[in-house]
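J.: Please build the complex by placing chains B and C on the supplied structure of chain A, with the hints as guidance.
Protein chains in written order, with the working numbering: chain A, 1 to 183; chain B, 1 to 101; chain C, 1 to 675.
If you're looking for bench data, these hints aren't it; they were derived computationally from the structure.
From a predicted model like this one, the values you see are computed outputs, not experimental measurements.
You may find that some hints are simply not true.
Derived lysine-lysine pairs resembling DSSO-like cross-links, with alpha carbons at most 30 Å apart [said to hold, decoys possible]:
1) A:K99 with C:K647
2) C:K128 with A:K98
3) C:K195 with C:K185
4) C:K45 with C:K128
5) A:K33 with A:K98
6) C:K461 with C:K390
Covered stretches of chain B, going by a simulated chain C footprint (3 or more residues, C-beta under 8 Å) [claimed, not checked]:
7) 12-22
8) 45-59
All C-beta atoms, glycine included, are put in the ideal place defined by N, C-alpha and C.
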Amino acid sequence: MSLQSWIAEPVNWVFLVIGLLVLLCGVRVVTSKNVVHAALYLVGALAGSAGLFLLLSAEFVAWVLVLVYIGAVIVLFLFGIMITRAPTGVDEGLDADKKAWAGLLSLALFVALAWGSISAFADDPVATTGNPTATEILGEGLLGRFVIPFEIVGFVLLAALIGGITVARRDETPLEEEERMSA
Amino acid sequence: MIGNQFLILAAALFSLGVYGLLVRRNIVLILLSVELMLNAVNINLITFESMLNTPEALGQVFAIFVITVAAAEVGIGLAIVLLIFRNRRSANVDELNLMRW
Amino acid sequence: MTNLVILAAEESARSVGDGGWWADTAGIMLVLPFVAFGLILAFGKHFKYQGGEIAVGALAINLVWATVLFVANMTGGILHQTTFEIARIGSDLVFELGWVVDGLSIMMFFLVNLVGLLVFIYALGYMKGDVRVPWFFAAFSMFAGAMLILVGAPNLVQMIIGWEGVGLASYFLIGFYWDDLDNVKAGNTAFMTNKVADVGLILGAVILGVTIGSFDFFDLAEAASGGAEALGAVAVVGGLLLFFGAMGKSAQFPLHIWLPDAMAGPTPVSALMHAATMVTAGIYLMARTFPLFQNMAQEARGWMVAIGAITLFAIGLLALVADDIKKVLAYSTVSQLGYMMTAVAAGGYTAGLFHLFTHAFFKALLFLGAGSVIHAVHSNNMSDMGGLRKHMPTTYWTFVVGSLALAGIFPLAGFWSKDEILATLGYEGYSLVMWIAIAGAFVTAFYMARCVALTFHGTYKGEAHPHESPRIMTGPLVGLAIPSIIFGLLNIPGVSWPGIGNFTEWLGVRVVAMGDHHAEGIDFSLAAIGLAAALAGLALGWLIWSKDRPTQLQRDRFNIPLLYPLLRRKYYVDDAALGVVGLTIGPLARFVDWTNTYIIDGFINVVGAATKLLGGLVYNGLDQLGVDGIFNGLSAGADSAGAALRKMQTGRVQQYAGGFVAGALILVVLFVFVI
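In isolation and in its complexed conformation, chain A is listed as follows (with noise of 0.2 Å):
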């Protein structure tokens, strides 16, 4: 397909802004030199995702995505950030041989992975908008056919729970100790 004709598509339009959303929000993630607004930029990053997720008619998917992630994780990010009084304001500064060949091994995954997926897919299309996944079709899904790998899931979920009180419990104090003893 042409250029001219991709562009002719409104969606197209609308998948343009949100993409170039998403990936400027990505890049400032890691190159951001400030802890808590590569956090904020990872929830436009997400954000912009679960547009695109909803370009895709993914809805469900797509407000998962905006619940779970956004809601729950990035708030405990911000949380982790706090407990670990990561300086909030400039980091000290990155590795700079480092960056140099990390920037290299990363643009050579992404032409790998680009060349691949052009060479892959060429010009096949994908579902418009207009015909949006049932919500119903993915229950049945989780439920039925994937309901082993669901259980699983909630099972390491619950594992994540406990293992995550445990592992960040502070050591009781010998005060505290003598207290739980005698009560």
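T.: Using the frame of chain A, we list chains B and C on its own:
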């Protein structure tokens, strides 16, 4: 819409995430980059789902799983970061090199 | 097991028997002394006489067999042979062991066992309180057994076995008092001299045995009298070689030198071995192989007679100047052996054997008597003796009887046997030798008179307290004196006692005719001449030596200028023998020693040094540097590789992640674009 546009976007996000993973000094920022990578993967999954139109919306189901696991992983990861911070008063990953030769 | 087919000998008019059960079991005589040997060594020291009783018992049992066979042989001839095949070469040359029972061997069995028994009984008393008595009787029993094996041998092989056995026993017993080196040297001399002679014996035996195809004596006799072609070619050589062997054992000139030295052993040994039995083995061999010499090896006989004659006379003279009483008797023995050898060589089968028979008794008697004297005065030398007839009457009278028998005085045994020898020599045409023998009789009487006079007459000039010996020693003396007196009557020429015959007949049963001469009647003139010579010798000797003088040595004056030193030095034969040995063996021994030290040891040292060098090379170069180097290098390489590689483990997670991503990238590229 072409599938490739989404895929290339996702590839770019993934590469950015990799860059961040390799470059950032703060552990929390590394975890952030990992989230970025996972997000890129999600985009890929949904795009493939759209392209292939499986009857059970396999791509989306998988994307949900990915999100869930990512959330769990962040929880544990931050707990560990907390411990490290408590022991070493610093979240600088360059200082965490005890397991070297 | 072969049983000999009995042939009636053409000369003997008597019936010939098989000997019955006694001949069949005669082998027990050969075995019993060895049983005694073992028993004495095991249990001897617990007995009163230190094991001598066992030896005496063994010989007593043997004597039963010997006597029965002897008596049976008197009445009817016995010819019997039992053999057991031991080995076989090819298809016809067999080695057999066993025993032969015929007139000759019965005579020898009787002689060895009877004289042996009496000497053993004597030795019980003589050796009492001495050192190593069990070993003495054990070796003595071994000797008796070996001698019986020798005389009972049906073939040359067994005879050689017995021959060597008696030589071994002789070595042990001569060197019995080995604390004194001279005794050891005497034993060595005896053994070596016999060994030199044994070379001849074994060579002769092998030549004859291989030529005929059998070692058996009867086969040899048949082949010799039958005139076999092959045998004729080797007969002289074989015969002379056998004679050489006999020369060693029977002490013929010049291999006589060991016998006087052998007197170093205890006196019973001298009595039995070196007077009566072992030294007669050579004569016995000549008798066994008599047909060979009679029919085929006549050229050899001349030499044998000559050597016998020299031995007879020359060595007899040496007895005139000996101071040691046992040496006197030893030279006398050699001289008498010369008589026997001459007789047998000249063709006097019966004459020589009869003299062997009688000589055994009176010579053993003389030796035992000498032993009794030595026991009393604690010295061998006649210069320490004198006037002992008052102190030791039994010894004196038996010694006199023995001396008269030896001198050949009528009617004692020696007269008859010596007379027969003279008669044979005359008959066979050896007149010169006969006159030499008569002169020898004179000399014999001469030195025996000296011996008796110096020992028993005059006054005692020594330091000890002489006394008569105990009955256990004088008993055998009497026991030997009786045969010395009467046994001569067993072979009066022409006289055959009714019922039992005479000595000639006892020896007379043959498988083949041997063509030896038997006198039909006494030659009175010859007998008279012989007797006169003997009486003259006695008289002259008595005249010179019986007078008592201040010292024994003065009495023993005999200092003819040239003759005396020659005799004293025993004709320098001993020195010549030593010189020969020194000339030949000495350089050879030195050469061998040099070779050993420089060449052989040098070679070994070089090999050792080379091995050491090689070992050092291998260790230092190959092992330390090479092999260890490889391994050390490998480990160092692994070490440095590890040191290099572990730099990868920085502990920095981001670097690991970087590596991870790079790897993933490569795989992606690989799978997407290449494959």
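J.: Under a C-beta cut-off of less than 8 Å, do 3 or more residues of the segment 45-59 of chain B approach chain C closely enough to confirm the stated coverage?
T.: violated (count 0)
J.: How does the coverage statement for the segment 12-22 of chain B fare against chain C, requiring three or more residues with Cβ below 8 Å from a Cβ of that chain?
T.: holds (count 3)
J.: If you draw a straight line from the CA of K45 (chain C) to the CA of K128 (chain C), is it 30 Å or shorter?
T.: 12 Å, holds
J.: Would you check the hint for K99 (chain A) and K647 (chain C), treating anything up to 30 Å between C-alpha atoms as holding?
T.: 21 Å, holds
J.: Given the hint that K128 (chain C) pairs with K98 (chain A), does the C-alpha gap stay at or below 30 Å?
T.: 118 Å, violated
J.: Hey, K461 (chain C) versus K390 (chain C), does the alpha-carbon distance stay inside 30 Å?
T.: Measuring from Cα to Cα gives roughly 13 Å; hence the hint holds.
J.: Tell me if the straight-line CA distance from K195 (chain C) to K185 (chain C) falls inside 30 Å.
T.: This hinted pair holds, its Cα atoms lying about 15 Å apart.
J.: Check whether the Cα positions of K33 (chain A) and K98 (chain A) lie no farther apart than 30 Å.
T.: Answer holds: K33 (chain A) to K98 (chain A) is near 16 Å, not above 30 Å.
In the structure shown, a violation is registered for the earlier hints numbered 2, 8, in ascending order.
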